[in-house]
Every structure is written in C-alpha cells, then in structure tokens.
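Chains as they are written, first to last, in my numbering: chain A, 2 to 384; chain B, 2 to 384.
The reader is advised that the hints may include incorrect statements.
No copy is singled out in the list; a pair is fine if it fits within one copy or between any two copies.
To be verified - Within a straight-line C-alpha distance of at most 25 angstroms, the following computed SDA-like cross-link-like pairs (lysine to any residue) qualify: (1) Lys313 with Leu50; (2) Lys18 with Gln31; (3) Lys168 with Leu131; (4) Lys117 with Leu89; (5) Lys18 with Thr30; (6) Lys18 with Arg47; (7) Lys18 with Glu48; (8) Lys117 with Asn88; (9) Lys217 with Glu162; (10) Lys377 with Gly275; (11) Lys55 with Ser190.
I should point out that these hints are in silico values taken from the structure, not numbers from a laboratory.
Protein chains: 2
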Amino acid sequence: MTTQTAFLDHNSTTALKPQVLEAMLPWLTQPTGNPTSRHVFGRNAREALELARKQIAACVGVQASQVVFTSGGTEANNFAIKGITANLSPSQLLISGIEHPCVTRPAQSLAWHDWKVATIGVDSQGVIDLAQAEQALSARTGLVSAMLANNETGAIQPVAELAQLAKAHGALLHTDAVQAFGKIDVNMSALGVHAMTISSHKIGGPIGVGALIVDKRVDIAPLLHGGGQERGLRSGTENVAGIIGFAQAAQLAMQSMASRHTTVKQLRDQLESGLNRLGAVIFAQQAERLPNTSFFAIPNIEGETLVTALDKVGFAVASGSACSSDSTEPSHVLLAMGITPDLARGAVRVSLSDSNTSEEITQFLAALQQQVQRLKGLNAVAA
Amino acid sequence: MTTQTAFLDHNSTTALKPQVLEAMLPWLTQPTGNPTSRHVFGRNAREALELARKQIAACVGVQASQVVFTSGGTEANNFAIKGITANLSPSQLLISGIEHPCVTRPAQSLAWHDWKVATIGVDSQGVIDLAQAEQALSARTGLVSAMLANNETGAIQPVAELAQLAKAHGALLHTDAVQAFGKIDVNMSALGVHAMTISSHKIGGPIGVGALIVDKRVDIAPLLHGGGQERGLRSGTENVAGIIGFAQAAQLAMQSMASRHTTVKQLRDQLESGLNRLGAVIFAQQAERLPNTSFFAIPNIEGETLVTALDKVGFAVASGSACSSDSTEPSHVLLAMGITPDLARGAVRVSLSDSNTSEEITQFLAALQQQVQRLKGLNAVAA
Numbered sequence: 002m003t004t005q006t007a008f009l010d011h012n013s014t015t016a017l018k019p020q021v022l023e024a025m026l027p028w029l030t031q032p033t034g035n036p037t038s039r040h041v042f043g044r045n046a047r048e049a050l051e052l053a054r055k056q057i058a059a060c061v062g063v064q065a066s067q068v069v070f071t072s073g074g075t076e077a078n079n080f081a082i083k084g085i086t087a088n089l090s091p092s093q094l095l096i097s098g099i100e101h102p103c104v105t106r107p108a109q110s111l112a113w114h115d116w117k118v119a120t121i122g123v124d125s126q127g128v129i130d131l132a133q134a135e136q137a138l139s140a141r142t143g144l145v146s147a148m149l150a151n152n153e154t155g156a157i158q159p160v161a162e163l164a165q166l167a168k169a170h171g172a173l174l175h176t177d178a179v180q181a182f183g184k185i186d187v188n189m190s191a192l193g194v195h196a197m198t199i200s201s202h203k204i205g206g207p208i209g210v211g212a213l214i215v216d217k218r219v220d221i222a223p224l225l226h227g228g229g230q231e232r233g234l235r236s237g238t239e240n241v242a243g244i245i246g247f248a249q250a251a252q253l254a255m256q257s258m259a260s261r262h263t264t265v266k267q268l269r270d271q272l273e274s275g276l277n278r279l280g281a282v283i284f285a286q287q288a289e290r291l292p293n294t295s296f297f298a299i300p301n302i303e304g305e306t307l308v309t310a311l312d313k314v315g316f317a318v319a320s321g322s323a324c325s326s327d328s329t330e331p332s333h334v335l336l337a338m339g340i341t342p343d344l345a346r347g348a349v350r351v352s353l354s355d356s357n358t359s360e361e362i363t364q365f366l367a368a369l370q371q372q373v374q375r376l377k378g379l380n381a382v383a384a
Numbered sequence: 002m003t004t005q006t007a008f009l010d011h012n013s014t015t016a017l018k019p020q021v022l023e024a025m026l027p028w029l030t031q032p033t034g035n036p037t038s039r040h041v042f043g044r045n046a047r048e049a050l051e052l053a054r055k056q057i058a059a060c061v062g063v064q065a066s067q068v069v070f071t072s073g074g075t076e077a078n079n080f081a082i083k084g085i086t087a088n089l090s091p092s093q094l095l096i097s098g099i100e101h102p103c104v105t106r107p108a109q110s111l112a113w114h115d116w117k118v119a120t121i122g123v124d125s126q127g128v129i130d131l132a133q134a135e136q137a138l139s140a141r142t143g144l145v146s147a148m149l150a151n152n153e154t155g156a157i158q159p160v161a162e163l164a165q166l167a168k169a170h171g172a173l174l175h176t177d178a179v180q181a182f183g184k185i186d187v188n189m190s191a192l193g194v195h196a197m198t199i200s201s202h203k204i205g206g207p208i209g210v211g212a213l214i215v216d217k218r219v220d221i222a223p224l225l226h227g228g229g230q231e232r233g234l235r236s237g238t239e240n241v242a243g244i245i246g247f248a249q250a251a252q253l254a255m256q257s258m259a260s261r262h263t264t265v266k267q268l269r270d271q272l273e274s275g276l277n278r279l280g281a282v283i284f285a286q287q288a289e290r291l292p293n294t295s296f297f298a299i300p301n302i303e304g305e306t307l308v309t310a311l312d313k314v315g316f317a318v319a320s321g322s323a324c325s326s327d328s329t330e331p332s333h334v335l336l337a338m339g340i341t342p343d344l345a346r347g348a349v350r351v352s353l354s355d356s357n358t359s360e361e362i363t364q365f366l367a368a369l370q371q372q373v374q375r376l377k378g379l380n381a382v383a384a
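Given only the sequences and the hints, what does the whole structure look like? Please build it.
Laid out in structure tokens, this is it:
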C-alpha cells in the first residue's frame with residue numbers, strides 16, 4: 002500500500018485501473034441479483050454479464066458463447082488440462098518445458114489416470130523447438146499445451162505453427178495466453194488453437210477473474226459441478242462485478258495496446274542499455290518478446306539477494322516467477338534454456354507498464370549499480 | 002439495478018454492505034501486490050490476507066491455518082467432495098437427499114471412480130433422518146456430506162449428531178454451511194465436522210469468494226494445482242480485495258446476528274400469518290429453521306407463474322433454488338420431503354434480511370393476494 006516504491010513487477014499483478022473500478026462500482030454499491038434469478042435484479046445481472054462476455058469475445062476474435070468465465074488463470078488452465086483429457090482416451094499429453102506450474106502440475110496430476118506427460122524443449126532463447134514438437138507428436142497425443150508468451154522471459158512462442166502441427170497429428174492444442182493477452186494482439190481464430198486461457202488481474206482488472214475460451218467442437222468436462230452456470234461448464238454464482246471489471250480492463254488494454262507497446266518498449270530499451278553496461282546477461286534477448294519484460298542476471302550475484310536489496314531502496318521487482326510458491330530452486334524456464342544453475346540463480350525480472358517512467362528506470366539503474374557494487378564488495382570480502 | 006422492487010430473495014445473493022466495500026476499496030484503488038511477491042507490495046498484500054484469514058477463522062471457531070480460501074461455495078463443495086475422496090480408497094459416499102447441486106453433482110461425478118453414492122432421506126419437515134443415516138453407515142463409508150441449513154426450506158439439520166454417527170463408523174463428515182453461516186451460530190469445533198464450506202456473497206460480501214475449512218487431520222487433495230498458494234491446497238493468485246471483503250462481511254454478520262435474528266424472525270412471522278390466511282402450505286414449518294426463510298405454495302397455482310407475476314408488481318422472490326440452472330422440475334428438496342409434485346410446483350421462496358421492512362411484508366401480502374385471486378380466476382375460466 003506504499004506508493005514510495007516503484008512498481009516494476011507488472012507480470013505478477015497490476016493495479017486496478019480507475020476506469021475498471023468505475024465500471025464495477027454500480028455492481029458493488031447497488032442491490033444486485035444472482036444472474037440465475039428470474040426477477041428483475043437477476044435479469045439485470047444476467048444482461049450485464051452477457052454484455053461483458055461479448056466484449057471479452059470481441060477482444061480475442063471469438064463468439065461470446067465460447068467464453069467460459071472462471072476464477073482466474075489457474076482455474077482456467079486446470080479446467081483446460083483436466084477437462085479436455087477427461088473426455089479423451091488416455092494417450093500422450095505434451096507440454097512445453099517452460100509452462101507455468103498451473104499447467105505443469107495439473108498435467109502431472111493426470112499421470113495416475115494413465116496419461117503420459119511428455120515435454121517439448123526450448124532453444125537457448127526460450128522458444129519452443131518445433132522440430133522436437135513434431136517428433137514428439139509421432140506418439141499418439143490427445144492434447145498439447147503451450148503458453149503464448151512466457152511469464153519470466155517474455156519470449157513469444159510459435160503457437161500458431163504448433164497448432165497446425167498438432168492438428169496434422171490429430172491432437173488438440175491449448176494455450177495459456179495469460180501473459181500475452183493485453184500486451185500483444187491475441188486472436189484465437191488466427192492462432193487456430195482449441196482452448197485458450199486469459200486472466201483479468203494481469204491487465205488492470207480485478208484478481209479472481211479469468212476465462213477459458215473453448216472451441217465449440219471441443220468436448221470438455223467441467224471442473225466445478227453444480228448449478229449448471231456457464232452452459233454447464235463452470236458452476237458457481239457468476240462474479241458479476243469482477244467479470245464486468247475484466248471486460249472493461251480488456252477493452253482498455255485493446256485500445257491502448259499500440260501506444261503502450263511503444264512506451265514500454267522504449268523504457269525497456271533504456272533499461273537494457275543500462276543492464277548491458279552493468280555486465281548483465283539478458284535472457285531470451287534474441288527472441289521476439291513481450292515489450293514490457295526483461296529477465297536478466299548479474300553473474301555471481303544471487304537474484305533473491307538483489308530483489309531484497311532493491312526492495313529496501315524502493316524498487317519492486319521479482320526474482321523469478323512471482324506466481325509460484327516460496328522456492329529457492331533456480332527457474333525451470335532458464336534451466337530449460339540451458340542456462341547454468343549458477344547463472345539462473347541470479348535471475349531478476351523487471352516487468353513494466355505504461356505507468357512507469359523513464360526517470361524510474363534511471364533511478365532503478367543507479368540503485369542496481371550501487372547494490373551490485375555493494376554485493377560484489379561483500380563477495381570479495383567473503384572470498 | 003432498480004431500487005423500486007423489494008428484494009425478498011436474500012438466500013440467492015445479497016447486496017454488498019457499504020462497510021464491506023469500504024474495507025475493500027484500498028485494495029481496489031491503490032497499487033496492490035501479488036501476495037506471493039517478496040517486495041513490499043507483496044508483503045503488504047500477504048499481511049492483509051493473513052489478517053482476513055484469522056478473522057474468518059475466529060467467526061467459525063477454528064485456527065487460521067484451517068481456512069482455505071476458494072472462489073466460492075461451489076468450488077469449496079467440489080474441493081471437499083473430490084479432494085477428500087481422492088485420498089481415500091473407494092467406498093460409499095453418503096449425502097443427504099436435500100443437498101445443493103454443487104454437492105450432488107460432484108458426488109455423482111465420482112461414480113466412475115468406483116465410489117458408490119447413497120442418499121440419506123429426510124422427514125416430512127425436511128430434516129435428515131438420523132436412523133436412516135445410521136443404517137446407511139453400516140456399509141463402509143468414506144465420506145458423508147450434509148448441509149447445515151437448507152437453502153430452500155431453511156430447515157436446520159442435525160449435523161453435530163450426524164458427525165458423531167459418522168465418526169463412530171470411521172467416516173469423515175463435510176457440511177455445506179453456506180446458508181447457515183452468518184444467519185445462525187456456526188462453530189466448526191462444536192459441530193465436530195471434518196470440513197465445512199462457507200461463502201461470502203450470501204452475507205453481504207462480494208461474489209467470487211468462499212472458503213473450505215478443513216480439519217488438519219484430513220488428507221485432502223487440491224482441486225486447483227499450480228503455484229502452491231493456500232499451503233498447496235488451492236493454487237491461484239489470492240483474491241486479496243475479495244477475501245478482505247469476505248472477512249469484513251463475516252465480522253459484521255457475527256456482530257449483528259442476535260438483533261438480526263429477532264428482526265427477520267418478526268418479519269417472517271408477519272409474513273407467515275398472512276400466508277396462512279391465504280391458504281398457503283408452508284414447508285418445513287415444524288422444523289427448526291433459519292429465521293429469514295419461508296418456503297410455501299398456494300395449492301393449484303404454479304410457483305413460476307407467481308414469481309413472474311410478483312416480479313412485475315415489484316417483488317423479487319424465488320420459485321425454488323435460485324442457484325440451479327433453468328429447470329421446470331419440481332424442487333428435489335420438496336420431493337425428498339414427500340410433497341406431491343403438483344404441490345411442489347407451486348413452491349415460492351421468500352428469504353429476508355434486516356434491510357426488509359414490515360411495510361414491505363404488508364405490501365407483499367397484498368400483492369400476493371391480488372395475484373392469487375387473478376390467477377385463480379384465470380384457472381376457473383380455463384377449467
């Protein structure tokens with residue numbers, strides 16, 4: 002709740018945009034119905050909910066009836082992995098080596114349901130190896146899951162190409178587009194995927210809302226059974242205010258995408274020029290990346306230590322995936338890229354938004370240099 | 002969003018209390034961190050989240066570490082049924098005949114995992130038959146699930162007695178306390194249950210938040226896998242603002258419970274006196290009930306028709322469970338009580354809060370009488 006610290010960790014979560022709160026407030030201040038109720042309160046809630054569904058659908062190039070609202074990206078990814086495989090006979094489930102834990106762990110949970118989980122590797126820039134994917138697809142494969150942009154490196158993945166390969170081998174493809182959505186153009190029809198996860202709180206919307214967009218030809222089993230909401234695919238009273246906030250945030254993100262891209266790209270260029278001068282290794286720098294993300298390490302300095310030191314002097318950054326539980330293991334994404342564990346332990350992630358300024362970057366670089374010098378001094382004493 | 006209609010459907014959802022919104026607003030207007038992040042924004046979010054957990058725990062007489070936050074009652078019930086049975090060898094799953102679909106449908110989904118689902122009947126007042134339960138427990142039973150108060154009739158169930166029976170037979174007991182929580186005293190330790198579901202939006206908190214309270218000796222498998230939040234039991238970024246709102250609503254509900262009980266009980270007595278004069282059959286009237294709930298039928302008049310007619314003249318009531326999908330089937334709760342399908346089709350539910358007034362009840366009864374006379378006239382013409 003402090004405002005003195007510069008927030009440079011927008012891939013972990015984002016502040017609610019004022020226009021989003023404005024759109025939500027009528028549903029938080031006036032009597033609201035359960036969208037299942039048939040009286041006027043219920044019908045009004047239903048109408049607002051269905052408008053939000055159309056707005057979200059338009060943002061990703063699908064029909065409203067394909068949007069299944071969930072409690073967030075984690076639920077949507079669990080729903081996709083467990084719900085699609087539940088209606089297929091067990092075979093191979095193929096995931097990339099750089100997926101978020103909310104894809105890898107649901108995948109692992111299927112192992113005792115006779116599914117065989119296999120991993121597609123990535124190259125040194127953190128990009129999925131399509132040749133390896135094609136080879137893996139020679140084994141009978143029910144589902145492939147590959148993220149659209151990596152949350153740690155920002156590297157954008159060849160999901161459209163992978164979807165074509167999957168189709169040619171009779172497999173379905175799910176993509177976790179949580180980090181890509183709102184930062185780059187995400188059109189589900191153009192990608193040709195069968196299911197896609199998006200989330201609200203990464204784009205200035207409220208936490209606790211997301212969606213799985215599902216191709217109508219995909220037979221998916223619900224994860225949450227009950228009252229039959231969301232066409233029977235996701236039971237539970239719909240979070241009307243949250244969903245309206247999500248739709249508003251998505252629309253704002255679409256409107257500002259081009260200008261935001263330019264702004265954050267300039268800030269990141271400024272950042273990475275400075276990082277180069279400090280001798281940092283920038284991961285996935287040769288890959289096509291999200292414009293806001295920079296993942297780097299200063300050799301021989303622990304990322305955790307640096308994050309803690311930077312926090313003390315007013316800069317909020319991440320050491321790896323902020324979405325996973327406390328763990329001092331080096332990033333699985335970096336290890337998949339062939340980065341040594343030693344260097345990977347140095348990883349620091351800066352993720353920007355257009356609320357950040359060039360001045361903040363200048364100050365951040367100065368603080369980083371100071372902390373690096375201090376820590377190198379400590380290392381020298383210790384050695 | 003209209004305020005001209007009297008809202009008499011508080012068991013379906015409730016308006017957010019102003020004090021709840023006030024507690025949530027700092028988390029919706031200022032930069033907020035992901036509680037997993039280690040920087041100051043993340044730590045502040047974590048601290049607020051853990052305070053809310055303590056507050057919820059205190060409301061139900063448990064330790065904070067027993068509270069697992071979910072996206073609502075439906076997720077918590079799915080988590081309980083699927084998560085507890087996942088770590089037991091298949092046997093009998095016993096549920097009452099009056100459970101919400103978000104208990105019955107997860108239970109049915111276990112059938113192909115070799116679990117046998119059996120149902121405990123209720124008496125004519127909608128109260129679980131303990132003798133029948135004991136008989137059913139003679140078959141090896143892993144889990145019993147029985148709600149604490151029924152959402153349709155308001156009938157309070159002998160869950161503490163059932164928990165003792167279950168324990169004596171080596172079975173675990175889960176209770177869905179969604180409708181009871183905030184309306185009557187709910188103490189998990191006193192009930193002696195192993196898992197308990199509560200929800201936020203039934204008590205003036207936001208939609209999209211709930212919790213499963215779990216006895217530490219119960220080995221429960223997660224439903225949502227991922228980053229390992231909630232001690233690994235429920236992954237997904239914690240809905241900080243929503244959880245803070247839930248805790249605030251729960252505390253307010255505890256503070257006002259006694260006075261609210263008196264107020265809504267008086268309103269319901271006024272209502273039911275009038276209903277008796279109109280020849281209504283009041284369901285579960287001899288049972289110990291939630292003080293706010295009245296479920297009744299006017300013989301030979303369809304509940305759906307009455308609800309629609311009352312909505313047009315400014316009264317929002319429900320025809321049955323507002324939480325289930327569109328269905329013209331008579332209430333399964335009433336059928337379980339031995340009510341004839343014909344009478345059950347007449348069911349109308351009025352569920353009050355202390356925001357309702359005696360004047361509203363007077364006006365409602367007048368409107369009901371008018372609609373009943375009109376519909377009886379139509380029936381007479383049709384006959």
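Item to check | Violating hint indices (sorted, rising) | outcome: Every hint satisfied by this model.
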